[in-house]
Structures are given as C-alpha cells and as structure tokens.
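> Here's the letter readout for the chains.
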Amino acid sequence: MLRKMAAFLIRDFQVEVSYPFAFVWQWGSILFNLTTFYFLGRLLAGAAAPYLGPYGGGYFPFVFVGLALAAFQDVGLSAVSQTISYGMYTGTLEAMLLTPTSISTIVFSSVLYQFFSALLTILVYVGFGAGFFGVALGQANLPAAAVLLLLALTAHLPLGILSASFILVFKRGDPFTVILGKLTILLAGVYFPLQVLPHWVQTISWLLPFTHALEGLRQAVLLGQGLRAVAPQIAILLGFTVLLLPLSLAAFAWAVRQAKRLGTLSQF
Amino acid sequence: MAAPAVAVSALSKYFPQVDLRRLFPGHRSRGVWALRGVEFALEPGESLCIVGPNGSGKTTLIKLVATIISPTRGRILIHGRDTAGAPAAARRALGFVSCNEDSFYGRLTGRQNLAFFARLHNLNPVRAIPPVAEVLNLAPYLDYRFYTYSTGIKRRLDIARGILHQPNILIMDEPTANLDPIAAADLRQLLLGFQEQGKTLLTVTHRLEEARQLGRTLAVMVQGRLRKISPEEGEDLDDLYRRTVLEGDDHAS
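Residue numbers (our numbering), protein chains in the order written: chain A, 1 to 268; chain B, 1001 to 1253.
Note that these hints are calculated values from the structure, not bench results.
Hints are not guaranteed to be accurate.
According to the in silico footprint, chain A covers these stretches of chain B (three or more CB under 8 Å from chain A) [to be verified]:
| id | stretch |
| --- | --- |
| 1 | 1060 to 1067 |
| 2 | 1103 to 1115 |
Counterexamples of contact, computed for chain A against chain B with all Cβ distances above 10 Å [stated by the list, open to error]:
| id | residue |
| --- | --- |
| 3 | ALA6 |
| 4 | TYR19 |
| 5 | GLY28 |
| 6 | PRO54 |
| 7 | GLY91 |
| 8 | VAL126 |
| 9 | ASP174 |
| 10 | PRO175 |
| 11 | TYR191 |
| 12 | PRO193 |
| 13 | ARG228 |
| 14 | ALA231 |
| 15 | LEU243 |
| 16 | LEU262 |
| 17 | LEU265 |
Partial list, derived from the structure: chain B residues whose beta carbon lies under 10 Å from chain A [stated by the list, open to error]:
| id | residue |
| --- | --- |
| 18 | SER1012 |
| 19 | TYR1014 |
| 20 | PRO1087 |
| 21 | ALA1118 |
| 22 | ARG1119 |
| 23 | ASN1124 |
| 24 | PRO1125 |
| 25 | ARG1127 |
| 26 | TYR1149 |
| 27 | THR1151 |
| 28 | TYR1241 |
| 29 | ARG1242 |
| 30 | ARG1243 |
We treat Cβ as the ideally placed atom computed from N, Cα and C, and that holds for glycine.
Isolated chain B (complex conformation):
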C-alpha cells in the first residue's frame, strides 16, 4: 500500500521570543505554542481545507509542511519520507503558493521571474513555462513587468511558480484572498481541476463556502489544535464552524 502523500504526527510548534533579559537569572523566555499535537494524513489525490480564526496556527502548519520552518516536536512525512531528513525531496514533491506578492522581483517580467525559479528547480525554462502558462491562461501577460500586474494575474503567477516542477502535492495559503468574486470563482475552478488531475491539495482559507467546495475533508484549527469536521447534508457550515471554534461539539473529532 502506498504511503500517504502527507502524514503529520504529534506536530507541535513553539515560537520562542528572542529576549536578552533571558540571559539574566530569574527571567524566562515568553514564547507562543502555535501548534499542539497536530495529526492528520492525506492520501494521494485527497483535498484538505483548513479554516480557523486568525492566529489559530493555520499558516504555521502549512509552512511546517512546506519545510519553511522547523517543528519543535513531531514528524512530517511526504510520501513516507521525513522532511527533517530529506527536505530537498519534500520540496520536489511539494508546490507552495504563499500568496505573497512581494516574493517576486517587481522589475522583472513574469517570464523572467518564472525562469529564475524554474532554473532553481533544475528545469529548462523554455520547456517548463509554456504548459504552466497555458493552464493558467498567463501567456498574454508573461512579458510585462511584474509590478504592472493586477492582483489576479499576480496570484496566477504565484500558482504558476508553485506548479512549475509539476508537484503532486499543492499547498496554498488563502489563494483567493483579495481577489474579486469572479477572479476567485475562476481560481476555485482551476483548483478543482487540479483535484481532478489527482493532485493532493492542502488549502488554508477564511471563506467557509470555498472550503466546502475545495475540501473533500474539512478541518478547523483552534488554538493550535486541528479538528476535522464533517458537515451533514444541508447543515449550516457557518453554524458548525462557530460551534467548533467556540465550544467544540459532536462533529469535532
């Protein structure tokens, strides 16, 4: 049996606060536990959507899976391999869409930006960029400077960067944030297309309806703990979310 695409076990993350007073006796570091014992597994082709209040640890979780930050405790396996021991192998399997527009070079064109990151993936940009640009309908825009793009084009370019190396796992942090309703709907269709291609999706969002559309599995992050939820047919997702966040309920597992 194939290993899960992503398997997270007993994952905790503590952010210590750098404080020079700690050097003196009697002063202890005051940090934050962002994640506490998170567990989940995603089979290949599965889609998990995580919602949760601001500061609940959603972004921390996906940055840990993407190997951008390191865990305090616990393990993350990508296709059965521990990311701590084989981060480069994990990065080859993962595509991360940070939705940080500043993480591109504004003076370079979209094509030049993609070419830079393609080369860092050991890819030939001439071969790697066109298929991705076609899927994302980016071809007409690629030769303009990045700073001239609208938010929608920038977001598509961000996704293009994430899938340049054809990863089978895609991690996204609020992919439709700041997009107008039509652009957001188009993007959701695109992401559903990725699901149909068998890609494993791990998405963080604040939009509950979007979470229902994108996530075959839904989870709510509350104070660093992940609770899977299973809304029943016709159940009000807003209400279920609110109850899970505020009180916890029978649907939480």
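Next up, chain A with everything else stripped away, as it sits in the complex:
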C-alpha cells in the first residue's frame, strides 16, 4: 500500500517538475495575488471595519486566510476528477487498473501530491503574508488550525469523488466541481464576511462545508481560538466527512462497474 502511495507521489512530482516554469510561477502568482488584496484592504480599511470586527478588524488578514483555504479546498473538490479525466482521456487509468491496485487506492493516492502541494501553498501564503505584508500570526492556534485544515480536506474530498464518479459515467457536465466550486467561492465568505449577504443567502452559505471550515480557521488563526472554541466547526466538518465519504466511495465503485459494463473506461 505504501509503495503504491509512493508511486503516485513520485509520479506527480516528476510530472510537475517537468514543467519547471509553471512549477516556479505557481508560487510567484501567490505574491501577486496577495499584493492585489493588500492594497484593496488599504482602500477598504474604514468602510469594512464594522463587518470585520469579529475577525480582528483588518480586511487583508481576513481575506488572506480565505485565499489560503480556497487553494486547499480546491484539492478536495477537483483533484480526483482531474486525475480520473486525464486517466480516461489518455488510457493511463486503464493501464493502472491492469495492475493489482484497487480503485480506492488509485483515488486516494491520486490526491496525495496535490494535498502536500496545497499544504506547501498555505505555508507560502503564511510566509508571504507575515514576511511581506505584516500579517500578525503569533497568536494563531496551530493545533486547531491543523485539525480544521485536515477536516476541510476530508469534508470536500467526497464531493471530489462524486464529481469523478459523474465523469466516469457521463464524461462531461460534472455539476459538483463547477457549481459547488463557484458557489463556495461566492457564498462561503472567502472575499467578504457573510454578514454582507442577504439573510436568506446566508442560510444557504451555512449548508456548505467550506463556510464552517473557513469560519473555524479564521477563529483559530486570527483570534487564536483553541480546539474547544472551534469544536462546533470541527463537529460539522466531521459530520460531512462521515456522511459523505462512504456514500462517495460507493458511488465511485458503482461508476467504475458501469464504465466496465459500458466499455467506456478509456473513452472521454
């Protein structure tokens, strides 16, 4: 099992570094992104203060945590479906399935590299945020932040697996990544606090796992709240994971059986 997980990690790293400019640029683009929001934060300094009080008052630290977690959430939502799409398109999925490797190993191992890459992305965000833009992170509660990050991934991974299942059977038109991804960015409070949204829209926001992950992470990072204070968010993310993970794996196994029945495992 470990050898197989290592196989995926090594493969994805080798593919990534084979495009050296893109490999370097992904970190550079974070700096540009943060710079934009830094100056936007200065522009909004007074106007946004009433909404940002619960998060320490500053716009830049608020959006900084949102941007970092959005990169992480993207792994859970899109990594599996991207891997499966590529594998179907090229035939590499069929080649992998010719080895004694289970579908679940392929699914989980396929996101490993992107998971570590997203962790590194968060560290780069933290480094740039603290180093260049003076975001104070000394008060951050690291254990609470780590638990919330992990649960943010496990709560979103089932949605990514459902997305991959959809692609296996219907090939295109996956509603999970596109709609949920856009909805999350719009409604979960990445760029602005939920309080600016109409009340009924806020109700929808709280149905998204990302909203809870982001709320908890801001509490832990910006206000230094510990595990006890973010327990409600942890419980909700755990609930999403426990409910959706078995369901998504069952859906994926069914989708593979369908693709084998229809003979479309390597068609796109």
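Following the hints, complete the assembly by docking chain B onto the known chain A.
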C-alpha cells in the same frame, strides 16, 4: 492435471447505449452484441492468434480476458480462478499490451514510466526494470522522455510494462501495428522467444502471415463469434480467412 491458463466459456458481451430516451415509455435501448457465446481454452505455453474484420469483437474479447471490461454472460477462468471473483489474482498472472501510446506519461522518461507501473505491481523498480530492459534492448533509451521515442521504442516500452511482473500469460492487441517491416519482424522474433520460454500468448492481429507465425492455434472472429481454423500445409491463408469470414467453411469448427 493443471487447469488451462485461460478458459473462456459461453462469453457474451452486450454494450448498451446510454440513451436518456430510454426513460420514457415505448423507447428501448439500442445496444450492440459484441460477443456471442465465445468458448476457448489455452493450455499453459499455448499461443492463440485471433484475426478478423474490424468491429468483429477481437479487442472486446481480449479486454474482457484482461478484466478491463466486464462480461454480460459467461465466465473467464485464469489458471482455474474466475476473473469475476478474483480480478487481482488474474491481473498478477496476465500481462496486457494495449499498444496505446497515450497510456504513458509523455513528460516522464521511459524509466520513470516503468517505475510507476512497477510500484503498482508492488515491485521494486530498481530490481524489476533492468532484466526487462535487457530482453527488449531498451536500456540505451530509458532515460529519455517518453514523447521523444519512435513508435518502435514506444511499442517495446509497452511490452516492457506488460511483462514487468513476469506474467505467464501475455495478451496483445495488434502488437506490430504501425511498425516498419524490420521493427515488426524483430518484435515477432521477440514474441516467439516468449513462446519458447513457455508463456501463454493471446494475440490479436490483422496480419495473416503474422498470425500464422505467432499462433500455434489460429481463430477468426466473425460478428462476435470465434471460429478456430486449421490451415493445411501449403493452403492459402488469405483464401481460408476470406471464406471463413464471408461464408464459413469446412475448416471452421
């Protein structure tokens, strides 16, 4: 007595067409029967070459044996074990050469590609790759990126991937397609070498002379049905094939 290396019985495959109109009353799915009641057995070390017109079901048959697709009816036994119940055991015994060049990672080197698939077979790449590379004369090319290879090298790498785990059954889909005559002849020699080592070969090809060279047993797939043929000494294989496909004849069983 040992079980046959491959035993296929009453194998049929129906490809349903996904059609949303099927949800409405009065609309029936229009699918295709790709295989109808195929039966054959291969003893260890035996070699079966299947020829047949395009769309006759050859590739479907070998993909079923390789567990890539699932049968509608019938059974496939690999060394006596049903592939439906033990697909992982079947995959350990089988090597599949798909001849799909895209099923490799173009940005990775040949060695990196082989190492990935070796690990998926629970093998140590450092030990698994060199003997295979030597047999296929791949060693000088392994550290170049896959996309730089010629079709011949890509095909050899495909075979290398298929035999990394030293399977005793090798399944190949048109192994010499798109190869120049010299590369094709070299590859046939290599495959004959596998036969001499006692490997069981199941090969699909469009080249009749190649089929005669590689297959101790020959079969023609016609409209999803497999007909074994036994050309007599000096008999024109083209003629026998044509008659089997178009009319069927005394040689068909």
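> Hint by hint, note whether the structure agrees.
Structure-based check of each hint:
1. 1060 to 1067: holds (count 4)
2. 1103 to 1115: With 7 residues close enough to chain A, the hint holds.
3. ALA6: violated (7 Å)
4. TYR19: violated (7 Å)
5. GLY28: holds (21 Å)
6. PRO54: Given a closest Cβ separation of 47 Å, the condition holds.
7. GLY91: Non-interface label on A:GLY91 violated, nearest chain B Cβ at 4 Å vs cutoff 10 Å.
8. VAL126: Non-interface label on A:VAL126 holds, nearest chain B Cβ at 30 Å vs cutoff 10 Å.
9. ASP174: holds (16 Å)
10. PRO175: Correct as stated: the minimum Cβ-Cβ distance to chain B is 16 Å, above 10 Å.
11. TYR191: holds (35 Å)
12. PRO193: holds (43 Å)
13. ARG228: holds (43 Å)
14. ALA231: With a cut-off of 10 Å, A:ALA231 remains clear of chain B, as the shortest Cβ separation is near 40 Å.
15. LEU243: Answer for A:LEU243: holds, closest chain B Cβ roughly 29 Å.
16. LEU262: Given a closest Cβ separation of 6 Å, the condition is violated.
17. LEU265: At about 6 Å from chain B, A:LEU265 fails to clear the 10 Å cut-off, so the statement is violated.
18. SER1012: violated (13 Å)
19. TYR1014: holds (9 Å)
20. PRO1087: This hint holds: B:PRO1087 lies near chain A, its Cβ roughly 8 Å from the closest one there, short of 10 Å.
21. ALA1118: holds (8 Å)
22. ARG1119: It holds, given that the least Cβ distance between B:ARG1119 and chain A is near 3 Å, below 10 Å.
23. ASN1124: holds (8 Å)
24. PRO1125: OK, holds: B:PRO1125 within 10 Å of chain A, min 9 Å.
25. ARG1127: violated (13 Å)
26. TYR1149: violated (15 Å)
27. THR1151: violated (16 Å)
28. TYR1241: violated (26 Å)
29. ARG1242: violated (29 Å)
30. ARG1243: violated (30 Å)
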